[in-house]
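Enquirer: Sequence:
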Amino acid sequence: MRHSRRAAMAGAALLLCAGCSSGGDAAPDPGPSEGKVRVLRVATASDVSQGPVRQRLIEAWDRSQRDVRVEIVQLPAAADDQRSQMVAALQARSADYDVVNIDVTWTAEFAAGGLIEPLDGDPLKGMWPQVAETARYERKVWAVPFNTDAALLYYRDDIWKDTKRRPPYTWGELETAAADATDHRQVRQVFEHGYAAQLDEYEGLTVNAQEAVWAAGGELVDKEGKVRARTVETQRGLTDLVDHYQDLMPPETSTADELDSLEMFRDEKVPFMRNWPYVYNVLSAKGSKVAGKFHVVPLPGPGGKGASVLGGQNLAITQDSHHPDDARRLLDHLVRPEQQRCLLEAGFAPVLRASYDAHGPGCSLPDTGLSGGGESSAGSPGDGESSAGSAGGGESSGKGEKEDPGTASESAAHGLPPYTEALRKALGNARARPVTPYYAAYTELVQTEVHDLLENRSGNGTVATDLDKGLKKIMNGG
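Going by the working numbering, 262 is the number at position 262 of the sequence shown; the sequence numbering is gapless.
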């Protein structure tokens, strides 16, 4: 999932050519020798994680190769610009990319356009089922998911006068808790507003709108690709989003992205926030006002089970790759358990289910200094995506515990980052956005209609009908 344009600019300098920075050496994995070094060009945006971990994993593989050198091609910070540059270059065959790191929503477009090659074998084994589906199109596998993502609810746990108060698991509970946090009778620290999200006119708004619709029992497009927006439930979800914006959020949330929301929470302007797992390490960094004062749970929803939009990035081999065999070896390496465990420690969501198991293989990189959400060298999220990554989790027990069993403390006790259990549960309920070659047009329409609704409330009673009509044209290629 892409993260904000401004957040992207903050860390563009982090991603250097592979092999240029220090890190742990991987065990040798030499490819076939041809007598000279083959250059493998990987096109990607910068890395929002601490480290940055994805870059270091590629560098470690690069150092292990005798006949292959990886060259990372830095793409623009903004995701829309990334997609445009890759599509234009690959269509014109003007760039010799071997591997492209693409948002999960672009896989179908790149496949349908003949820009990437289908993959043989079973590269999706052991992955979350919904994550694996983001790599498929027309019954073929076109990519290998590198990392996935699911949003979490960040909440301050240090402000309540009632020390046994549990976190909210439904929207009704969140609304009540946010109202209490603006009332000095309930808390030790009073907040002007209750909640922060991402409602600027970009992909983050599409994601927040989709989650609001799901929370109300509605759909925009169902799993079979059928448009289902013209329902009472969908309209109610969009109306709920507007009400939450007006009742719970700072006015500037209508122009907020992930970094803006992070700053609202870190600067103690709100006690609750929707954001991605990578934010946990940023908020836990030395000098953060809220370090040690917050936890996370999955997003609120009916029955305590909210559904996050599934984020993440997929790695694909281009149609014109000069070294497809080397590219495939790199892709297979990056989804091994020991590489995926490094992503978890850095705030990304691994694509392998086994990576959330305390008894699984540890991180292959030495000295990550990230596990446990302690001190961090970074004070901002960096840039790029999602997609798309701490504590808490699961369905409410209703017994009033401050922290549910099997959450942050249990994860830490097993050597896992404190957000592991919440993230695992969030991924279990996460849902993908539509798989369509026309996703760019899909999200543009959703952003336009919903942002207008937020700012003007114009068409408040008809926005679901308007979306239904427009989305049917888009999904049919119109």
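Treat the hints with care, since some could be wrong.
To be verified - With a Cα cut of at most 27 Å, we get these calculated DSSO-like pairs of lysine-lysine:
#1 Lys-140 / Lys-164
#2 Lys-223 / Lys-140
#3 Lys-473 / Lys-226
#4 Lys-472 / Lys-223
#5 Lys-293 / Lys-164
#6 Lys-161 / Lys-226
#7 Lys-161 / Lys-140
#8 Lys-305 / Lys-223
#9 Lys-140 / Lys-473
#10 Lys-269 / Lys-161
#11 Lys-305 / Lys-286
#12 Lys-289 / Lys-161
#13 Lys-293 / Lys-305
#14 Lys-226 / Lys-472
#15 Lys-125 / Lys-223
#16 Lys-140 / Lys-226
#17 Lys-164 / Lys-305
#18 Lys-269 / Lys-164
#19 Lys-469 / Lys-226
#20 Lys-36 / Lys-164
#21 Lys-36 / Lys-161
#22 Lys-140 / Lys-469
#23 Lys-223 / Lys-469
#24 Lys-36 / Lys-223
#25 Lys-140 / Lys-125
Worth flagging that the hints you see were computed from the coordinates, not collected in a lab.
Everything numeric in this text was worked out from a predicted model, so none of it was measured.
Enquirer: Please verify whether Lys-473 and Lys-226 have alpha carbons no more than 27 Å apart.
Expert: holds (11 Å)
Enquirer: Please work out if Lys-269 and Lys-164 have their alpha carbons no farther apart than 27 Å.
Expert: Holds, at about 23 Å.
Enquirer: Does Lys-469 lie within 27 Å of Lys-140 when you go C-alpha to C-alpha?
Expert: violated (30 Å)
Enquirer: With a cut-off of 27 Å on the C-alpha distance, tell me whether Lys-125 and Lys-223 pass.
Expert: holds (21 Å)
Enquirer: Would you mind confirming whether the straight-line C-alpha gap from Lys-36 to Lys-161 stays at or under 27 Å?
Expert: violated (68 Å)
Enquirer: For a C-alpha distance cap of 27 Å, please report whether Lys-36 and Lys-164 respect it.
Expert: violated (65 Å)
Enquirer: Given the hint that Lys-161 pairs with Lys-226, test it: the Cα-Cα distance must not exceed 27 Å.
Expert: violated (48 Å)
Enquirer: Within 27 Å, alpha carbon to alpha carbon, are Lys-161 and Lys-140?
Expert: violated (55 Å)
Enquirer: Checking one constraint from the list: CA of Lys-293 to CA of Lys-164, max 27 Å. Satisfied?
Expert: Roughly 15 Å between the alpha carbons, so the hint for Lys-293 and Lys-164 holds.
Enquirer: Is Lys-305 close enough to Lys-223, meaning Cα to Cα at most 27 Å?
Expert: Holds - the C-alpha atoms of Lys-223 and Lys-305 are around 19 Å apart, at most 27 Å.
Enquirer: Need the status of pair Lys-293, Lys-305: alpha-carbon distance at most 27 Å?
Expert: holds (24 Å)
Enquirer: Please work out if Lys-140 and Lys-226 have their alpha carbons no farther apart than 27 Å.
Expert: holds (21 Å)
Checked against the numbered hints above, the structure breaks hints 1, 6, 7, 11, 20, 21, 22 and 24 and satisfies the rest.
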